[in-house]
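Once you have looked at the hints, place chain B on chain A.
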Amino acid sequence: MTQCFLEGNEAIARGAVAAGCRFFAGYPITPATSIYQQMLQLLPPSGGVCMQGEDEIASIGFCLGASMAGLKAMTATSGPGISLYSEQISFAIGGEIPLVVVDVQRLGPSTGSATKGADGDIQFLRWGNSGGMPVIVLAPVDVRDCYLLTMQAFNLAERYRCPVFIASNKEIGMIRENIDLDDLIGPALEDRKLCPADHPGSPFTPLPGENVPLFLPLGGERLSRQTSSTHGEDGYITTDPAVIEAGILRMQEKLLSAVGDFTFYEYDGAANDSILLLVYGVTSRAAKTAVRELRQSGSKVALLILKTLYPVPEECIRRHLQGKTKVVVIEMNLGQYVREIERLAGDTPVSFYGRMNGELINPKIIVEKVRS
Amino acid sequence: MTSLLNRQRPPVFCPGCAHEVVVRGLDQTLQTLELSGNQVAIVSDIGCSGLFDTFFNTHAFHGLHGRALTYATGIKMARPELKVIVIMGDGGLGIGGAHVLSSCRRNLDITLLILNNFNYGMTGGQCSATTPTTGQTSSGFLNELEAPLDICRVAVAAGAPYVDRTMATGKALVDSLVQAIRYPGFSLIDIWGLCPGRYSKRNRISLAQMEEEIHNRGLAGGPVAVNEREEYSAHYHRLARSAPAASMPMVAAKICDAPIGARSDVLLLGSAGQFINTVGEILCLAGMSGGLHVSQKNDYPITVLRGHSIAEVVLDREPIDYTGIGSPAVVLCVAAEGVARRKKMFSTLPEEALVVKDSKLSLPETRAKVIDIDFSEMKIRASEQALAALAVVAREGILLNYEMLAAGLSLRYKGKMFEEALAVAERICGR
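If you read the protein sequences in the order shown, they are chains A and B. Using my numbering, you'd call the opening residue of the first sequence number 1 and step up by one each time. Using my numbering, you'd call the opening residue of the second sequence number 1 and step up by one each time.
For the record, the hints were derived by calculation from the structure and aren't laboratory data.
Covered, in the sense of this in silico footprint (three residues per stretch, anywhere, with C-beta under 8 angstroms from a C-beta of chain A), are these stretches of chain B:
(1) 37-48
(2) 54-68
(3) 76-90
(4) 98-112
(5) 250-257
(6) 279-286
(7) 316-324
Each residue gets a CB set at the ideal place from its N, CA and C atoms; glycine is no exception.
Here chain A stands alone, though its shape is the one from the complex (with noise of 0.2 angstroms):
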């Protein structure tokens, strides 16, 4: 046991480096600003890459570039900078082109609250690219979810050939907690499928049967393209439907049939337990210690954490609906992810508590609201 004591926006930067991240590019924003300040003590003595670009749309942009060149590439940002990333972000989902996104939220809307946390972007970051395609979320809850999650998200990333989103929270990134390093065990590693040189695949061809494209990278022996524009397999413009419409379901499809692999989650209940409590996020620990409360009064309430927000990991959902008579839906915000229950839970009625105040909920009023 080697406990040491992590900031999670550090642990998010040791993950990125520990999952291969050789580019990191960022503009310092609360609370975001120390995974741009501990990548620059990672990255440059280790032959890896740090930049401060001039901006959010500059920072994301070399990422796009240097990620096209073959590097895994990271920036982190906060809601302001969501918003500025979001012509690039479709375009990293267009173009196909691997990347993590870390956003630690702060209370909006706006400038807001930089220093307060929330969880207001979860639908922004779902929904905030023109065209409203699919996109990956993942919600770490503590210090060592910032490690491991970071790490599948540069796997998945590399795997589906996207941008993959960390939905931190203020309240998790600038927190310092003891964790067990011997408990950092993370996935093996996993690197985008190159095209080998006998195969005579364009830029966005992917092998038969397979939903995503093999990687040519920019500068290397053989041409590669790349382009924000409506696009077929060999990476030209297009302007044929049944070309765009094949590309645009098989950017769709490569997502949401594969969310069944990379559904992280943590449920805790019973099998005659009759009241399914839902969060993700900070929220989940004080969920945590309601849960404890509320059984000891003799509630029947199972805990089901969400770590994969989207796409939507349906069947999970579904699974521990199943036999619930009340879900109660907790979010730090005015209700986003609930509407993703409400459309799942059938007949269950879905009761929902969230608040918009820059303080945590806390254990007692998730007592409440379940007992309520």
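Frame of chain A, contents of chain B only:
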């Protein structure tokens, strides 16, 4: 060398468009430089110039309007051996102005070709950042209101080490491109040309007039001596090689069993300069030395040299779930600023809670046990008071003992700072 033009995709510009001349000129340039397609990345912007990458058999990257330089920067940093050529119009110049300025300042070895035809051709001839105030555009009178941008003057002011201006048509183009691409740093060429589809339909302007205007502007194209310096990528890697290796996370091993039963929340209330965050960290490291789980959050204003500074620490034998501070077991008060931020909390403290405070501070009403320390009498400086207050808690045997505190100090401080901090702890604890 052979042409790198993509025979399957010939240029598709309007008859007489300057862009097509530049396509041919760039091809000649790449041949002159004896570059093969896989040694070159063409990064194109949006608009008619955004079609450029499709005409060449090179690596190609076509992205968002105004952001071409951002991708080029990432590509070049990842692949320094590539020749990276960015093509944008005067539209991209306007919308991506911050990236142009930053690229001038950065001096990464990229060549930027601005295909300047004084209007937004693709969207219908609206005014751009370079449209003369006398020009006729589809933006009505709006271009009369804004001064046109002379990007060469701006680039020189912004630190670009290589700036040139030339006509798209004419013999000078290929030589200008060759020199700019050869230059080992950021190079920018403002290439003037006609937009027959939009601009020259509405404006009587001849190539001779444009040439004369370029001549009148008097730019001596080429390296800008005052701005020449080490190229960014080489400079970055030179400095990065000598950067100190990153430190490992701080590890704290258990040395004894902490004197706590249940979860204990602790508040440190002070002001800037009192090392509140550091003392919170020392408490956490001490807690870990006592085998505890710990968490710490800090609260301070953006003016780090003034105002309140607060640390919230949780210590528990079990893993910590909720990280908010409920009813603190211990409150350390060393400055009025911190106390003022949490004044409502004092009335909620139970009798068994402990408050350690500077005897000069007045607190709101509380039922908690209060220990007063006369810091000025003891000649303990403001910067040492939070640590001294923590040492009082250790002396009382609540939360932590002296061994844990000393372990926390030894993990956080080294050398003289450790000795000074330990001396404060020893004094308070009577060691």
